[in-house]
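Asker: In my numbering, the protein residues as written are 1 to 617.
No lab work stands behind these hints, which were simulated from the structure alone.
Remember, it's a predicted structure, so these values are computed and weren't measured experimentally.
No false leads were slipped in.
In silico DSSO-like cross-links for lysine-lysine, where the CA-CA straight-line distance does not exceed 27 Å: (1) Lys588 x Lys568; (2) Lys103 x Lys17; (3) Lys598 x Lys568; (4) Lys477 x Lys296; (5) Lys180 x Lys166; (6) Lys409 x Lys568; (7) Lys331 x Lys180; (8) Lys589 x Lys608; (9) Lys50 x Lys94.
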Amino acid sequence: MGNLKEIRSSIEEQYKKRMDRPRIVVGLGTCGIAAGGNKVMDAINAEVEKLGLDVDVDFTSCIGMCYAEPVVEMGLPGQASVIYGGVYPDNVSKLIESHLVNKTPVTDMAEIQVTGGAAAYEGIPVMEKSPYYEKQVRSVTSRLGRTNPESIEDYIATGGYAGLEKALSMERQEIVDEVKKSGLRGRGGGGFPTGTKWQFVYDAVGDKKYIVCNADEGDPGAFMDRSVLEGDPHAVMEGMMIAGYAIGADEGVIYCRAEYPLAIRRLNLAIEVAEEMGILGENIMGSGFNFRIRIKAGAGAFVCGEETALLNSIEGKRGMPRVRPPFPAHKGLWQKPTCLNNVETFANIPFIVRNGGDWYASMGTEKSKGSKVFCLTGKINNTGLAEVPMGITLREVVFNIAGGISDGKQFKAVQSGGPSGGCLPAEQLDLPIDYDSLISGGAMMGSGGLVVMDETTCMVDVAKFFLNFTQLESCGKCTPCREGTKRLLEILERICEGKGVPEDIDTLERLAKTIKTSALCALGQTAPNPVLTTLRYFRDEYEAHINDKRCPAGLCSALLTYSIVEDKCVGCGVCIKACPVGAIAGEKKSAHTIDASKCVKCGACVPKCKFDAIVQA
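Between the sequences and the hints, there should be enough to build the whole structure, so can you do that?
Answerer: What follows is the structure, encoded as structure tokens:
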């Protein structure tokens, strides 16, 4: 294929015509499919056929409102499109009849409307002014939920591959300089300046160079990279191609978790159609630049998120970190100079090249430029995906975008940075979200996971959970990580079982600091963070577990005791039936009692009592 401009105008015209037709679009990202999106799609197709409607039915990816899935968008010519949440097969006919036939939106199911310059409906929040999106910026996520991720035409019609076109007309050093100017830092967790890394690989001497995309997203509760790969695979590929042209590489590898089958399928499709159009492969757009991309499915080892372990895995070796130096920029894949960035980093590149480094640097803070995609999970009202400008505070994310704490509970902590991050308390909620501020608080940016906890969360148990994860995922190569994390976990388990001693706190701190300074790779160096931050901000909970043999959150079963308040008990016998071990006894219409020697502290009796007569301490 020649110049992409030759076909872009016709593709854009066709896209505009489609947008000006009656349409229904179903969210079929992993979250939408898990919520029943495929069944909703089947119901929509059946209803459209039954009514004989002239309407386009299509699908898209996750728009970010995972809390509202299954999500369906409906649009009429000349009017704003409405995005509905909680759409199931049994309410599909109601929506279609009201919105498409009678031209009246169902406001009680409407989440937002997208105007795009068209006439807006009354009583439905406009996307950009809605509580969930008002403080967001949509750059990397701009196509998520708005285009068909399996359509290269949709990608091109919305500016796709324009960055590559521009890059192919630039000097290679000029591209690297533009990335430097943008201030983009690696979005995989380390935060290393992307332009500087590219410069290292550009300057490296080698007869072969590689581009590697780290899509081995393994943090519990994280799905940023998965969402981008599922929703905008061409953007990641375009970023890799620009990087390849800039540093002199002709081959790229996407290392993606095998647990992301939808992402892998859409990537494979994107590679196939891009090659067919001459956008990927030999002599791209007639420029003489050659570049190919292949996918390597990871086997689920968390340590392979570390760049050198990932490179070993691609080479067919056990995923274990290498000693550095030499760094991958000089000796990476197959010992050749390698540029390795993560999904979100590459997805930013086309926008930076198209709009310029100064445009990107205008967002964010002095040392943390641009925007960042976060996964919002935990005890919040609005779980989902959000892209926010660097410098926004944790409070704005938790209480504005995420909608605050669910079930009327009190905020307790937010964990940032995955299992390698830290837990920050309420007094740190006004901390800006940027690389340096989060580190100063004891946490880290990480890849972008935010897990929110409420008053029912035991912080000692949280530290134990993440230590259990990192200890299991340790590759075992270095002693500090292999042995140190195991000893930390043993102490935490002992504390949660009511067997802790006062000396344990000092031992935890000393051992955690030793592991941080002596482990081989980032997994071991950051594994103690949850322990250190919970000790820093929630030491009183450790002391309660150790000194008082009490769990303030009422979560650690070994430290709980159940009793029945005599004045409240009416002797109905429901708790006796609920107890699996026969620990509760008593005559009918007389106060019951719990035999502590038999009680296994399962708590099954508590929700069964309608009189709040069973208490735990």
